[in-house]
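Undergrad: Construct the entire structure; sequences and hints are all you get.
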Amino acid sequence: MAFFVADNIISPLGFKTADNFHALAKGYTGIDMINDTKIYPEAFPAAMINSNNLDDAFIELASKEKYTRLEKMLILSIKDALDKTKIDPTSARTGIVLSTTKGNIDLMASDRQNSFEKNRVLLWKLGEVISHYFGNPNQTMVLSNACISGVLAIQAAAMLIQVGKFDHMIVTGGDIVSRFVVSGFMSFLSLSPKACKPFDKDRDGLSLGEAASTIILSKDITGKDDIKFLGGASANDANHISGPSRTGEGSYIAIKKVLEEAGISPGQIDHISAHGTATPYNDEMESIAIDRHHLNEVPVNSLKGSFGHTLGTAGLVETAILLEEMRQNTLLKTTGFSELGVSRKINVISKTTNKELNTCLKMASGFGGSNAAMIIQKA
Amino acid sequence: MEQLTIKTYCHIKNNRICINGELAFEYPEASSMHDFLKKAFKHFKPGYAKFYKMDDISKLGFLASEVLLQDKPYLAYQPEDTGIVISNSQSTLLTDAEFQASIQDDTNFYPSPSVFVYTLPNIMIGEISIRHGFRGENAFYIFENFNANFIADYINQLFLSHKLKACIGGWVDQSSENYEAFIYWADNKKDAPLAIEHTAKEIERLYNLIR
Amino acid sequence: MEELIQKLKVQIIEQLNLEDMEPDDIDETDPLFGNGLGLDSIDALELIVLLEKEYGIKIENPKDGQKIFYSIKSMAEFIKSHQK
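Top line first, the protein sequences correspond to chains A, B and C. Going by this note's numbering, the first residue of the first sequence is number 18, and it counts up by one from there. Going by this note's numbering, the first residue of the second sequence is number 23, and it counts up by one from there. Going by this note's numbering, the first residue of the third sequence is number 1384, and it counts up by one from there.
These aren't lab readings, by the way, just hints derived from the structure by calculation. There's no promise every hint is true.
What the hints assert, rightly or not - Lysine-lysine pairs mimicking DSS-like chemistry, simulated, CA-CA at most 30 Å apart:
#1 C:Lys-1450 x A:Lys-211
#2 A:Lys-96 x A:Lys-236
#3 A:Lys-236 x B:Lys-60
#4 B:Lys-72 x C:Lys-1446
#5 C:Lys-1390 x A:Lys-218
#6 A:Lys-372 x A:Lys-273
#7 B:Lys-61 x A:Lys-273
#8 A:Lys-372 x A:Lys-33
#9 A:Lys-273 x B:Lys-211
#10 A:Lys-218 x C:Lys-1456
#11 A:Lys-211 x C:Lys-1446
#12 C:Lys-1390 x B:Lys-64
#13 B:Lys-60 x C:Lys-1436
#14 C:Lys-1456 x B:Lys-72
#15 B:Lys-35 x C:Lys-1450
#16 B:Lys-212 x A:Lys-182
#17 C:Lys-1436 x B:Lys-72
#18 B:Lys-72 x B:Lys-60
#19 A:Lys-33 x A:Lys-43
#20 A:Lys-182 x B:Lys-72
#21 A:Lys-101 x A:Lys-273
#22 A:Lys-273 x B:Lys-223
#23 A:Lys-368 x A:Lys-241
#24 A:Lys-182 x B:Lys-211
#25 A:Lys-135 x B:Lys-35
#26 A:Lys-33 x A:Lys-362
#27 C:Lys-1436 x A:Lys-55
#28 B:Lys-64 x C:Lys-1446
#29 C:Lys-1390 x B:Lys-60
#30 A:Lys-350 x A:Lys-182
#31 C:Lys-1441 x A:Lys-211
#32 C:Lys-1446 x A:Lys-362
#33 C:Lys-1441 x A:Lys-55
#34 B:Lys-72 x C:Lys-1390
#35 B:Lys-61 x C:Lys-1390
#36 A:Lys-218 x C:Lys-1436
#37 A:Lys-211 x C:Lys-1390
#38 A:Lys-43 x A:Lys-236
TA: Following this line, the structure appears as structure tokens:
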């Protein structure tokens, strides 16, 4: 068995999970108009971390080494999560999984290429920088599977604990808002001109965001607040490399498999944390997958209206918030949502309320036809 | 106890393609990996025009899977029981550089959607899944060097927890200097002419078989 | 017009990586999507980039794409009427 024992979120809404949770409960969003021609020639909405705040927080760590923006976010995130535990990061029994889509991609720009050694842009190198900082003797396992990376990384970590490879797993992830990623999503015409509106009838695309997040899993239960990992699965649509399946096939299969593994019936699910990017196709697809499992009455939220789409770290940020929702027995509203705009009737949360939460489902989908689902439960 | 065994494997490197260690195609005069893959694809004649739209590293992984799966071993399995777990060291670095070149200058700023989509390493897994209708577990991992231990443990655990019954595993990497693909097909069928234990030791041995 | 149509055929074959296809294989009235050339949604986005890069024409509303990119002929007519 694997238990969730500590977590952190570094985002524009705060540098601790609790700060982020309170901002969400108040309905705040980290998405703002960004005017930075180094990132994109025109203004665009995104959730970006203030660099001064990041540097101020990092100065306290008094490091002599030079780190990239993303590395600072990841180190701060892991540090905060570890400080809440007695776990020794230098032990061979502690493993690290890093989840990211593009890592230090900002180093590819021609004016940044000489600021760090050449291989710093490689994802395994990013993993090495992190393990060196914390003195971890193991090779960091780097997972890069588009937007399901975060959820998949938790699944991998739980599995490695279950087979006895490690006693503790530090699952960390991060992605930044860069010229590379903004231009790419712009060329896909996927970005909304305003802050995104998940599941809404007026939704017209996603908003990007940046964040780092860490979730620590352990073989031993540490307190009465612990939540356990019940199961995780992934599935491919086998349909298209960028467009989600029209029938929700991959997402449906991932949920089906995880219900079987967890030994849970759909009626036992108290809450769903959806992917909810606010693109017309993604949200429609998720509503179909939810409907096919008869989960229509279960309260669903998407946090993309608050954090933006944080790509490889989205699954970690959203799971950290889901854990806090369970501890607080609170259903957080979907920021940006006002009227249902998907073909299947699903129960999107429009107002933050209290509810006893025991068993929850996390969904994720991404480019490459990939889908993931995970079930967690109070210990 | 039921277990996975490797039924077939494929290497592509140094302008040669080998199946189960035997040379299946070579083109030593190839001027680049791109040139080699195109020639090899025409040789095997799978007839799949989408191949030419892929970036080079997806072409490498896709071609390796075409050669690997010529005898269609997956027909005995349900789509959701068939997984793909691939790894490499460079992710999609060369495709990233191509996309970066298209956005470098504000005066010549034309980001290409068809290049951008391939700047995710798991798109290769998506392409193979579409081709054969595989709907099982997916994962793309990045390690400095091929990590047979991890790949063996990860796939075996997915098998033991009933999340797959058959799987493609391996390593598909491309840097500006070199390229290599080593992928294998493992499933739980018992009576087969070739059945190699799905262990880190055997996977490492097969990986090093072709130099 | 004929010259523009020929040029478009060459550009589309090149930009969309239509291997083993010659300009003469494409009839200018054939549908580009669906049963015609079999292009998909990413190709449609790539055609938007092509219009902007090669002809300086920006499509503001992607929904217009369906009509503009129906065939090589409709594309050529659109370019002719929008070029400055």
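Undergrad: Which of the numbered hints are not met once you compare them with the structure shown?
TA: Per hint list: 3, 5, 7, 10, 15, 20, 21, 22, 26, 28, 30, 36, 37 and 38 violated.
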